[in-house]
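K.L.:
Each chain, written out:
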Amino acid sequence: MNQSKKAVKRPDGRKVDEIRKVSCKAGVVKNADGSAEFIIGNTTAIAAVYGPRELYPKFKQDPSRALLRCKYNLMSFSVSDRKRPAPSRRDIELGLVIKNALSQLIFLEKYPKLAIDVFIEISQADAGTRCAGICAASLALADAGIQMRELAGSIAAGALGDLVVLDLTKEEEDYPEGATDLPITYLPKQGLITSLQLDGDISFAGFKKALKMGINKCKELVKLQEEALKINYLKGDKK
Amino acid sequence: MNKGIITESRSVVVPGETIAIGMNYLPGDGTYREGEEIRASLLGLVDIRENLLKIIPLKGAYIPKRDDNVIGRIKDVGYSAWEVDINAPVSANLLVQDATIAYVNINRTDIRRFFDIDDYIYAKVVKVSKSMYIQLSTKDRDYKKLNIGLIFKIKPVKVPRVIGKKGSMINMLIDETGTELIIGQNGVVWIKGNKRKDELITMKAVKYIEEHAHERGLTDKVKELIKGWKKDESK
Numbered sequence: 001m002n003q004s005k006k007a008v009k010r011p012d013g014r015k016v017d018e019i020r021k022v023s024c025k026a027g028v029v030k031n032a033d034g035s036a037e038f039i040i041g042n043t044t045a046i047a048a049v050y051g052p053r054e055l056y057p058k059f060k061q062d063p064s065r066a067l068l069r070c071k072y073n074l075m076s077f078s079v080s081d082r083k084r085p086a087p088s089r090r091d092i093e094l095g096l097v098i099k100n101a102l103s104q105l106i107f108l109e110k111y112p113k114l115a116i117d118v119f120i121e122i123s124q125a126d127a128g129t130r131c132a133g134i135c136a137a138s139l140a141l142a143d144a145g146i147q148m149r150e151l152a153g154s155i156a157a158g159a160l161g162d163l164v165v166l167d168l169t170k171e172e173e174d175y176p177e178g179a180t181d182l183p184i185t186y187l188p189k190q191g192l193i194t195s196l197q198l199d200g201d202i203s204f205a206g207f208k209k210a211l212k213m214g215i216n217k218c219k220e221l222v223k224l225q226e227e228a229l230k231i232n233y234l235k236g237d238k239k
Numbered sequence: 240m241n242k243g244i245i246t247e248s249r250s251v252v253v254p255g256e257t258i259a260i261g262m263n264y265l266p267g268d269g270t271y272r273e274g275e276e277i278r279a280s281l282l283g284l285v286d287i288r289e290n291l292l293k294i295i296p297l298k299g300a301y302i303p304k305r306d307d308n309v310i311g312r313i314k315d316v317g318y319s320a321w322e323v324d325i326n327a328p329v330s331a332n333l334l335v336q337d338a339t340i341a342y343v344n345i346n347r348t349d350i351r352r353f354f355d356i357d358d359y360i361y362a363k364v365v366k367v368s369k370s371m372y373i374q375l376s377t378k379d380r381d382y383k384k385l386n387i388g389l390i391f392k393i394k395p396v397k398v399p400r401v402i403g404k405k406g407s408m409i410n411m412l413i414d415e416t417g418t419e420l421i422i423g424q425n426g427v428v429w430i431k432g433n434k435r436k437d438e439l440i441t442m443k444a445v446k447y448i449e450e451h452a453h454e455r456g457l458t459d460k461v462k463e464l465i466k467g468w469k470k471d472e473s474k
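From first to last, the protein sequence lines stand for chains A and B.
Position 53, counted from 1, in the first sequence is what the working numbering calls 53; the numbers after and before it change by one each time, with no gaps.
Numbers in the working numbering are just positions in the second sequence, counted from 1, shifted up by 239.
Hints listed in this document are in silico derivations from the structure and should not be mistaken for laboratory results.
For every residue, glycine included, the Cβ atom is placed at its ideal position computed from N, Cα and C.
Watch out, some of these pointers could steer you wrong.
Over the 12 angstroms line for every Cβ pair with chain B, so calculated as not near, a few chain A residues [as the list claims (entries may be wrong)]: (1) ARG10; (2) GLY13; (3) ARG84; (4) SER88; (5) ASN100; (6) GLU173; (7) PRO176; (8) SER203; (9) GLU227.
Some chain A residues judged to face chain B by a derived CB distance under 8 angstroms, without partners named [as the list claims (entries may be wrong)]: (10) PRO52; (11) PRO57; (12) LYS113; (13) LEU114; (14) ASP117; (15) GLU121; (16) ASP143; (17) MET148; (18) GLU150; (19) LYS230; (20) TYR233; (21) LEU234.
Keeping only pairs whose Cα atoms sit at most 30 angstroms apart, straight-line, the calculated DSS-like set for lysine-lysine is [said to hold, decoys possible]: (22) B:LYS392 with A:LYS230; (23) A:LYS110 with B:LYS404; (24) B:LYS466 with A:LYS230; (25) B:LYS242 with A:LYS219; (26) B:LYS304 with A:LYS30; (27) B:LYS446 with A:LYS58; (28) A:LYS110 with B:LYS460; (29) A:LYS58 with B:LYS363; (30) B:LYS443 with A:LYS30; (31) B:LYS366 with A:LYS110; (32) A:LYS60 with B:LYS394; (33) B:LYS446 with A:LYS230; (34) A:LYS60 with B:LYS304; (35) B:LYS405 with A:LYS25; (36) A:LYS30 with A:LYS83; (37) A:LYS58 with B:LYS366; (38) B:LYS443 with A:LYS110; (39) A:LYS58 with B:LYS394; (40) B:LYS369 with A:LYS71.
All chains should be built: construct the whole structure from the sequences, respecting the hints.
P.N.:
Printed below as a string of structure tokens:
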């Protein structure tokens with residue numbers, strides 16, 4: 001175990017629990033009711049929120065709560081091989097995963113019969129796109145003035161062989177000895193994990209360690225989001 | 240855990256941020272209680288009124304509340320009711336019995352006589368049910384059909400600023416420009432003046448207030464601006 005720890009070096013020289021450079025910004029899409037951009041390393045996610053707005057077809061209206069609709073889209077030029085622009089199986093599934101991760105976040109019962117639409121576009125993909133998408137969506141929902149319980153943090157933990165690391169890049173995901181991907185979405189105030197996926201092999205001890213590391217990082221990401229939201233209005237005051 | 244209000248009044252908070260701890264405080268609009276804590280559920284400014292905590296939102300759609308005064312457009316006329324677009328996610332309903340105090344026999348009268356499609360009305364929200372059924376009323380004398388004038392929209396969250404504290408801003412606008420001015424809680428503004436240029440000056444002023452809503456001492460500043468614009472017009 002110790003041997004392998006020394007032998008494995010992360011390609012970009014990061015520490016095991018260090019994430020790539022993060023920058024986030026709210027209010028990037030003028031036409032949307034709320035929007036945000038979330039950049040982590042070479043991954044860029046843009047989220048736009050429309051609504052709460054009227055929901056059609058009418059049979060989908062729920063008199064007790066709003067319907068949250070999420071669309072995840074990997075742009076065709078975001079990956080090195082051109083991605084066909086039609087929504088793939090993966091895109092549709094990720095839309096559902098993100099929807100489930102976010103539905104605990106919003107006070108859906110305050111908007112009966114209405115719809116809230118979240119569109120997530122990945123303009124540059126270098127692993128961890130669903131996590132970047134969830135962070136961007138959380139920011140965009142707050143920017144749209146929708147009633148929420150809190151902000152959500154999301155990060156991909158994982159393992160390279162036996163070594164537990166955070167925020168894998170595409171290069172690391174293709175690690176020949178086997179890389180594990182463990183995307184986590186965490187709501188710090190409620191202490192809830194709203195999405196957790198596992199792709200690959202990991203020992204139970206490694207899983208627990210990865211989960212702990214991921215949760216701690218999610219808390220930091222939420223702090224970054226808070227700053228990004230506030231900075232827009234503090235600037236406005238000085239004008 | 241120390242009890243009391245944690246954030247300062249008028250500071251920017253984000254959803255999930257704790258505003259106060261303890262059962263001595265009441266959660267108002269834009270906040271929620273989780274155990275002992277009162278947290279913000281909106282992005283906005285904290286408003287503390289004794290022990291009632293509220294969030295003044297910075298963005299967001301208009302969600303109707305009871306007793307709101309709104310300006311709406313008639314979308315459809317039914318047998319005994321109107322469908323009204325009030326700039327909210329769902330449209331509102333106005334029933335004949337809430338529209339007028341006069342006796343109306345709906346079998347004999349065409350209710351288009353009162354309001355027809357594309358008419359603008361000033362009305363009061365009398366009922367908002369849990370499933371977003373919104374009912375309006377124009378029974379009171381203040382509420383009416385808006386026949387002529389200028390109509391435009393502003394952001395619904397900026398409406399309280401355009402009205403001002405106890406109507407200080409709106410009264411100043413009416414006095415300075417000599418126009419009739421109604422601002423609906425839903426962000427629709429109606430202006431009627433004797434001259435077209437008065438209406439345009441008022442519109443300019445309202446839009447200026449909307450853009451500079453966060454500034455202090457805006458009432459006096461806008462007063463000066465209106466005087467300046469009036470001088471330019473008369474030249």
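K.L.:
Could you run down the list of hints and mark each one as holding or not?
P.N.:
Cross-check of the supplied hints:
Every Cβ of chain B is farther than 12 angstroms from the Cβ of ARG10 (chain A); the closest lies at roughly 32 angstroms, confirming the non-interface assignment. With a minimum CB-CB distance of about 33 angstroms to chain B, GLY13 (chain A) clears the 12 angstroms threshold, and the non-interface call stands. Distance to chain B confirms ARG84 (chain A) as a non-interface residue, since its nearest Cβ pair spans about 35 angstroms, more than 12 angstroms. The claim that SER88 (chain A) is not at the interface with chain B holds, since no C-beta of that chain comes within 12 angstroms of its own (minimum 32 angstroms).
Its beta-carbon lying about 19 angstroms from the closest one in chain B, ASN100 (chain A) satisfies the requirement of being farther than 12 angstroms from that chain. GLU173 (chain A), annotated as away from the interface, keeps every beta carbon of chain B farther than 12 angstroms; the closest lies near 32 angstroms. Non-interface call for PRO176 (chain A) relative to chain B: holds, since the shortest CB-CB distance, roughly 42 angstroms, exceeds 12 angstroms. For SER203 (chain A), the condition that its CB be more than 12 angstroms from all CB atoms of chain B holds, with the nearest at approximately 34 angstroms.
Not every Cβ of chain B is farther than 12 angstroms from the Cβ of GLU227 (chain A); the closest lies at roughly 9 angstroms, contradicting the non-interface assignment. This hint holds: PRO52 (chain A) has a C-beta 5 angstroms from the nearest C-beta of chain B, less than the 8 angstroms allowed. With its C-beta approaching chain B no nearer than about 15 angstroms, PRO57 (chain A) sits outside the 8 angstroms limit, and its interface hint is violated. With a cut of 8 angstroms, the hint placing LYS113 (chain A) at the interface with chain B holds, because the nearest CB-to-CB distance is about 5 angstroms.
About 5 angstroms separates the beta-carbon of LEU114 (chain A) from the nearest beta-carbon of chain B, less than 8 angstroms, and the hint is met. Interface restraint check for ASP117 (chain A): the shortest CB-CB distance to chain B comes to about 12 angstroms, outside 8 angstroms, so the restraint is violated. A least Cβ separation of about 21 angstroms between GLU121 (chain A) and chain B goes past the 8 angstroms threshold, and the interface hint is therefore violated. The interface hint given for ASP143 (chain A) is met, as the beta carbon of that residue sits about 7 angstroms from the closest beta carbon of chain B, less than 8 angstroms.
Contact between MET148 (chain A) and chain B, as hinted, is supported at the beta carbon level, the nearest pair being about 4 angstroms apart and thus within 8 angstroms. Evaluation of the GLU150 (chain A) hint against chain B yields a held restraint, the C-beta minimum of about 3 angstroms falling below 8 angstroms. With its C-beta approaching chain B no nearer than about 5 angstroms, LYS230 (chain A) sits inside the 8 angstroms limit, and its interface hint holds. Interface restraint check for TYR233 (chain A): the shortest CB-CB distance to chain B comes to about 5 angstroms, inside 8 angstroms, so the restraint holds.
The interface hint given for LEU234 (chain A) holds, since its Cβ lies 7 angstroms from the closest Cβ of chain B, which is under the 8 angstroms cut-off. Of the pairs offered as hints, the one joining LYS392 (chain B) and LYS230 (chain A) holds, with about 26 angstroms between alpha carbons and a cut-off of 30 angstroms not exceeded. Proximity of LYS110 (chain A) to LYS404 (chain B) is assessed by CA-CA distance (about 28 angstroms); at most 30 angstroms being required, the pair is judged to hold. Restraint check: the Cα-Cα separation between LYS466 (chain B) and LYS230 (chain A) comes to about 36 angstroms, which exceeds 30 angstroms; the hinted pair is violated.
Between LYS242 (chain B) and LYS219 (chain A), the direct Cα distance comes to roughly 24 angstroms. Compliance with the 30 angstroms bound is thereby established for this hinted pair. With a C-alpha separation of about 28 angstroms, the suggested pairing of LYS304 (chain B) with LYS30 (chain A) holds against the 30 angstroms cut-off. Between LYS446 (chain B) and LYS58 (chain A) the alpha-carbon distance is near 36 angstroms, which puts this suggested pair outside the 30 angstroms criterion. For the proposed pair LYS110 (chain A) and LYS460 (chain B), the alpha carbon gap of about 38 angstroms is over 30 angstroms, so the pair is violated.
Note on LYS58 (chain A) and LYS363 (chain B): the hinted pairing holds, with a Cα-Cα distance of about 27 angstroms set against a maximum of 30 angstroms. The straight-line distance between the Cα atoms of LYS443 (chain B) and LYS30 (chain A) is roughly 22 angstroms, inside the 30 angstroms bound, and the hint therefore holds. The hinted pair formed by LYS366 (chain B) and LYS110 (chain A) meets the criterion: a straight-line CA distance of about 16 angstroms does not exceed 30 angstroms. Straight-line distance between C-alpha atoms of LYS60 (chain A) and LYS394 (chain B) comes to about 29 angstroms, which keeps the hinted pair within the 30 angstroms bound.
Of the supplied pair hints, the one linking LYS446 (chain B) and LYS230 (chain A) holds, its CA atoms being roughly 24 angstroms apart against a limit of 30 angstroms. Of the supplied pair hints, the one linking LYS60 (chain A) and LYS304 (chain B) holds, its CA atoms being roughly 24 angstroms apart against a limit of 30 angstroms. A C-alpha spacing of about 36 angstroms is found between LYS405 (chain B) and LYS25 (chain A), which places the hinted pair above 30 angstroms, so the restraint is violated. About 27 angstroms separates the Cα atoms of LYS30 (chain A) and LYS83 (chain A), which keeps this hinted pair within 30 angstroms; it holds.
Between LYS58 (chain A) and LYS366 (chain B) the alpha-carbon distance is near 22 angstroms, which keeps this suggested pair within the 30 angstroms criterion. Of the pairs offered as hints, the one joining LYS443 (chain B) and LYS110 (chain A) is violated, with about 35 angstroms between alpha carbons and a cut-off of 30 angstroms exceeded. About 28 angstroms separates the Cα atoms of LYS58 (chain A) and LYS394 (chain B), which keeps this hinted pair within 30 angstroms; it holds. As the CA atoms of LYS369 (chain B) and LYS71 (chain A) are separated by approximately 28 angstroms, the hinted pair is consistent with the 30 angstroms bound.
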